[in-house]
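This is what each chain is made of:
Protein chains: 2
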Amino acid sequence: MELNLETPALLLDEARMQHNMARMQERMNVLGVAFRPHVKTSKCLEVARRQLALGARGITVSTLKEAEQFFAAGVDDILYAVAIVPNKLDHALRLVRAGLRLTMLVESSAMAAEVARHGREHGVCYDVLIEVDTDGHRSGIAPADPLLLDVAAALTGGARLKGVMTHAGSSYDLHTPEALAAMAEQERSRCVDAAERLRAAGHACEVVSVGSTPTALSARHLDGVTEVRAGVYVFFDLVMAGVGVCETGDIALSVLCTVIGHRPLDGWIITDAGWMAMSRDRGTQKQVRDYGYGMVCDADGNAIAELAFNQANQEHGVLQWTGDIVDLAARYPVGSSLRIVPNHACATGAQHPFYYVLPQEGGVPRKWERFSGW
Amino acid sequence: MELNLETPALLLDEARMQHNMARMQERMNVLGVAFRPHVKTSKCLEVARRQLALGARGITVSTLKEAEQFFAAGVDDILYAVAIVPNKLDHALRLVRAGLRLTMLVESSAMAAEVARHGREHGVCYDVLIEVDTDGHRSGIAPADPLLLDVAAALTGGARLKGVMTHAGSSYDLHTPEALAAMAEQERSRCVDAAERLRAAGHACEVVSVGSTPTALSARHLDGVTEVRAGVYVFFDLVMAGVGVCETGDIALSVLCTVIGHRPLDGWIITDAGWMAMSRDRGTQKQVRDYGYGMVCDADGNAIAELAFNQANQEHGVLQWTGDIVDLAARYPVGSSLRIVPNHACATGAQHPFYYVLPQEGGVPRKWERFSGW
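Chains A and B supply the protein sequences, listed in that same order. If you use the UniProt record's numbering, the first sequence corresponds to residues 1 to 374, in order. If you use the UniProt record's numbering, the second sequence corresponds to residues 1 to 374, in order.
Hints were generated in silico from the structure; no laboratory data involved. None of the values given here were measured: they were computed from a predicted structure. Do not rely on the hints blindly, as some may be mistaken.
What the hints assert, rightly or not - Okay, the calculated beta carbon distance ranges per label pair:
1. Arg289/A x Asp145/B: 30 to 38 Å
2. Ile325/A x Glu185/B: 53 to 61 Å
3. Asp173/A x Arg199/B: 52 to 60 Å
4. His122/A x Arg101/B: 54 to 62 Å
5. Ala72/B x Pro359/A: 24 to 32 Å
Unchecked claim - No more than 25 Å apart at the CA atoms, straight line, and that leaves these computed lysine to any residue pairs for SDA-like:
6. Lys65/A x Ala299/B
7. Lys65/A x Leu52/A
8. Lys286/B x Arg289/A
9. Lys65/B x Leu358/A
10. Lys286/A x Asp290/B
11. Lys367/B x Pro365/A
12. Lys65/A x Glu2/B
13. Lys65/A x Arg370/B
14. Lys65/B x Pro365/A
Said to hold, decoys possible - With the C-beta cut set under 8 Å, the calculated list includes, among others, these residues of chain A facing chain B:
15. Thr7
16. Arg138
17. Gly267
18. Glu315
19. Gly335
20. Pro353
21. Trp374
Where is the CB? At the ideal position from N, CA and C, for every residue including glycine.
Using the sequences provided together with the hints, build the complete structure.
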């Protein structure tokens, strides 16, 4: 495929993306839950519109910048899934006053009280979820912790407890269907437990929100859950292939790069995709198959098993030939194209201002903007 | 210091930056060479203007996007220090035709011939340096390689051989003054050797360009060198402190973040600076002192030795308390500020759309834009 792009360039295979979107939405439909995709992966309106068109109900964001950008484009039901802190409340207030149905997250009594105070002071009532810890990997309140009820009690006046939310991020460390199904059940049951404790204490707790790409695709049932969130499934990546929830052939993102030189005695090919184009994410390092800075493919996306992407500088990638001795400069001449499939779609995507959407029937790629920053 | 910023936010200490700039420029003046700073670190006009005001002659860039942005702002002497490939020549041509004195880099006969052909076809004569390999760390032609003269010979018609360029990037792996001085001398002498070979073959070779931050600051003399390039010195970072060419107190960049939660039983503090704010760069991992994802400081920039930044998710940082048992939530309450000094200034900077320049005498930080992408 000859694309006539300046490199490095982030390529998006729309057909694969649509397949990934449909797979997740269908699974959610079968499980009988609402689906609220996490748009931190794409940060792209064109992508989110397609998720919503397939049946997603609202979106999840990782920054208020994302909330602002997607709201400006017409998405009015947004969950900001990082615990809120005081310096972000004025920004949240502006969005709520402009008409956004924003849901915020808390995991401490202090912030629950502060959110309630801020809402009261400004004459609004914020919708709030309590973050629940179901796997010990990061933040949240354990279902049995007395703090859960204290936080709920603090959400009065300018804040309303809407429900509970958890993210079993430790699912990324697993790689068997059994372990993933068990983690999905743990995520579900502990989050439902937290909701039940709150209901027993008199709170309505209408929302029970769970999710990560691996658990969402591994859950056998989601009884008691009202919505699921997942992000990276939309593109997938090598880490997800290592976890076992996709094949490398499902991965919709790659970085187009160009051979800029060779070091024949070392078996090196130098390209113009360094860590600025790939990110420094080495997420496959701890997996069974370590892909270095990404899986090297030819211009059509076919993997070249003998090329290992072991070393990256800012704008240089160094690919190590691991096969039998060949004339690398003849096989991959200066100016020829390669594609690199990323370890982590969220991290690689964040390095680029655009997606170049691969044309399905030839022609020039379309450009879809993505945003960044806070 | 109370800054009233939404977090995470990239802070720039202008006084430290000015000190770093002056130190490098003075050293170059003493060594009697021109200085051409690499602006890939800052990607910021305000920063480059200050480098030029102190005596820099032209700039070095890592992408044609940088060349375009800085040229639009009036910088008209730019070295693009990544070997050129065919898909970038039309872009380079547009810049040259608009009046930019652009110097390009080649390291193969094929590209030398292609650059000359492109220039001839479009009625321009491109200025070209040959990349010389002086330490085996990445790209370039060894001084004694017959290829050096072949490449020079191919630069006729639409291209002109202006000189040679090298970057001793392996200096980043060193950490003693003796080893650094030896590498600086190796970089100098081998690059001068390449120039002499070219001159002996009848080429003028007016430019002999060397540099990396560690070698620039470690060279005892630079006889035969005409210009030095360095980038990260402008801000410095933990990797450079580990190499030994600065103190942590010289580092001008940090990421302001906010405590969003605690996990008391694990000794964890959760912040809103994850890898999106810091980058995934783990450059200190192989150094004597491994800082994880960065050096944790209080809001005034004083290091907190007991807090280790061991774990990062997209918008969450996990800091591990390593000291005696304390009440972490009382000492670092939710909503309180911390600052994280980065491993690698180029990588962390690239995650942010702005620098917030710390006010010298109180008041509100100024915002300096930075650009990204290709």
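(request) Would you list, in rising numerical order, the hints stated earlier that this structure does not obey? (result) Violated hints (numbers, rising): 2, 11 and 17; every other hint is consistent with the structure.
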